[in-house]
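Dock chain F against the given chain G, drawing on the hints supplied.
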Amino acid sequence: MAAKRNLDRWAPWIFLVVLLLVWEFGVRLFRIDEFVLPTASASFRALYDNFGPILMNTWPTFWTTMVGFGIGIVVGVLIGVLIGSSRLMYNGLYPLLVAFNAIPKAAFVPILVVWFGIGVVPATLTAFLICFFPITVNVATGLATIEPELEDVLRALGASRADVLIKVGLPRSIPYFFASLKVAITLAFVGSVVSELTAANEGIGQLMLAASSTMRVPLMFAGLIVISIMAMVMYVAFAALERRMTGWAHRGMNMPG
Amino acid sequence: MSHPAFVAFDRVSLAYDETSGYAVEDITLSIGSGEFIAIVGPSGCGKSTFMKLCTGLKAPTQGTVRVDGKGVAGPLKIVGMAFQAPNLLPWRTTLDNVLLPLEIVQPYRASFKHKHDEYVARARKLLETVGLEGSEGKFPWQLSGGMQQRASICRALIHEPQLLMLDEPFGALDAFTREELWLVLRDLWQERRFTVVLVTHDLREAVFLADTVYCMSRRPGKIVARRAIDLPRPRDLEVTYSEHFIGIVHELRAHIGRVRKG
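So the sequences go chain by chain: G and F. Its first residue numbered 4, the first sequence is counted upward by one per residue in the working numbering. Its first residue numbered 1088, the second sequence is counted upward by one per residue in the working numbering.
In isolation and in its complexed conformation, chain F is listed as follows:
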């Protein structure tokens, strides 16, 4: 990939406090603009810490994090985030949940009242692309887990962030729903080409969706392997049964096996 680096980590380490040691250590990587990367690793390897560093929610103890050419100092506003728990607000309808970021992020915030109709139309369109048309007026507790997660991804994208951070977004879903949402995410990314950082336990998910997969070691988290995924795009679920795909998954699995033992 010859993209200019959009996110650049240079020898970054983070310790939450002085006694506990590093949560992540000596991470150097660069993510191109519009690139889709996945981070895999055993539980407690500092994947979530990586996300906090990337979005400016935590400042590194050592090293520098640069996003879009600028050093990160404080929370970034060009980021959308989604987590394993959908975290929708139960007193808001699906539509109002998706609109929430526009009530907070500038420049939308200032124009939220007089451009309300335009933003509602945008939210409806986004909900439609993830297959939630007709559910705009429902409350989150009236939706299934998979539908809630779709709405959560819409909320992460409504303000058109340049960087989408996903922390095990499909971890709590059943296998079929998960694969359905892979396709939803694939299509959204294909259409809009934002930069994605996907943190996951699921190697098949990582290989299917990402351009580049990074393996992290156990705490303190270090990058132990980087694997470019050379499967042609657009990818269909069929590809997950090809030998090449399975070969890559095996290769990554071997890395994870080593760091779990080590």
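For reference, chain G alone in the conformation it holds in the complex:
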């Protein structure tokens, strides 16, 4: 058992190492040119050689993403509560949100540039636009799936809608909310980097664009690695927060009967 649990814990790292080895030796074996696909070692070497510029561009990407994510949480929760607790809002607003979500967020970037100019604002807003939807859907689901009997129990006590929302609805939707944060934070990185690729003066996206124009492909891959490390770190942080905040929901799955 202990050995198996150890294996579970190390599995992501083992798979990561295997992936890097396949990448490295695949490229070497098939003699792929560096300007098509650099080896893993060349990409990490580019990361090491350009550490200063990469770090300088990582910070803007990180904070625009986090600001966009923060706005996404606030707006996502507000709309989620609205459509989760009102039938009218659910019927009226939800289809519009689905339609909105279907628009590729990259298509918003040129519009945001017209409105706000090149810089951090389009990146922040793109991150926000792409990440609020899963939060909204999850919060609304948590609220809309209150057991009708439970609502009857409370309403028979004279509870107002606000009482039901505060005592039952919101605590009940907390696990849904935290589950959505993990998805939303990774999406927020997608949003900010996509925006930086066309409409920024700095950031990892901009660095990659500059590297592309000079055919420095290993540096582009170094950029990708940095983005995915940032997203993974934030994902793990929010997964840990989720476990701390909603232990009851996870242990609840093992309940007898």
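Because the hints were derived from the structure by calculation, they are not lab data. Be aware that a few hints might be false.
Stated by the list, open to error - In silico lysine-lysine, DSS-like type, Cα no more than 25 angstroms apart, as pairs:
hint : chain 1 : residue 1 : chain 2 : residue 2
1    : F       : 1200      : F       : 1212
2    : G       : 170       : F       : 1202
3    : F       : 1309      : G       : 170
4    : F       : 1348      : G       : 170
5    : F       : 1212      : F       : 1202
6    : F       : 1145      : G       : 170
7    : G       : 170       : F       : 1164
8    : F       : 1225      : F       : 1212
9    : G       : 170       : F       : 1225
This is chain F only, laid out in the frame that chain G set:
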């Protein structure tokens, strides 16, 4: 029973919408203060609709419902309810689940903070009477189904309602646990004498616990029989094996058989 009527239904019908016809039709009955009644009937006979009418969660389409001398218009606050699913909140301990109604119902709500200790003591005592001492700090998912249902009944009673509504509360439990909880409910009622409306499929349960049993027909639900249960109290489980008890169950079974065919 010479109690004054606590709940009075006068020719009550309810249709949920205009096309579906009546869910319950022409119900007239009166429940005395402190009386324990049971409603039995086939599935989908409108038993739950009856509960909603009684508690003011639904207004009748025709007729009047009076509780405690007043016409019912909107949810009543003197009611406690428990259902087949215990519906405890998984993020609250057993004790906090039982305290929930006191956070909502006046006058407790206003004094919940400064009389907190008093209310906690009351909840602990109630949990003790149903055999849940020692489980106050546990979460619902750490309790068995029977224990969850005990906690659910405590939650229905903590604000000392005058009317307790039970909608198949023991339906999901095994036979032995069910009989244990009959005794718990019997003792609570014997001690406090609130009015009880018990909706159930189980004829033995109805006869064992109730003063009066009503049989409902299939949709639209009508009262087709009323049977006063003249077994002496307090009743023990032994009584369920007596001929008189079995005779009453048979009699009710015949009514149900007729409405199922009809």
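These are the hints, each one checked on the structure:
As the CA atoms of residue 1200 (chain F) and residue 1212 (chain F) are separated by approximately 19 angstroms, the hinted pair is consistent with the 25 angstroms bound. With a C-alpha separation of about 20 angstroms, the suggested pair residue 170 (chain G) and residue 1202 (chain F) falls inside the 25 angstroms cut-off, and the hint holds. Pair hint residue 1309 (chain F) plus residue 170 (chain G) does not hold up; C-alpha atoms about 37 angstroms apart against a cutoff of 25 angstroms. The suggested pairing of residue 1348 (chain F) with residue 170 (chain G) is violated, with an alpha-carbon distance near 45 angstroms, which exceeds 25 angstroms.
Under the criterion of a C-alpha separation no larger than 25 angstroms, the hint pairing residue 1212 (chain F) with residue 1202 (chain F) is consistent with the structure, at around 16 angstroms. As the CA atoms of residue 1145 (chain F) and residue 170 (chain G) are separated by approximately 23 angstroms, the hinted pair is consistent with the 25 angstroms bound. A hinted pair counts as satisfied when its Cα atoms are at most 25 angstroms apart, and residue 170 (chain G) with residue 1164 (chain F) qualifies at roughly 17 angstroms. Between residue 1225 (chain F) and residue 1212 (chain F) the CA atoms are separated by roughly 16 angstroms; this keeps the pair inside 25 angstroms, and the hint holds.
Between residue 170 (chain G) and residue 1225 (chain F) the CA atoms are separated by roughly 19 angstroms; this keeps the pair inside 25 angstroms, and the hint holds.
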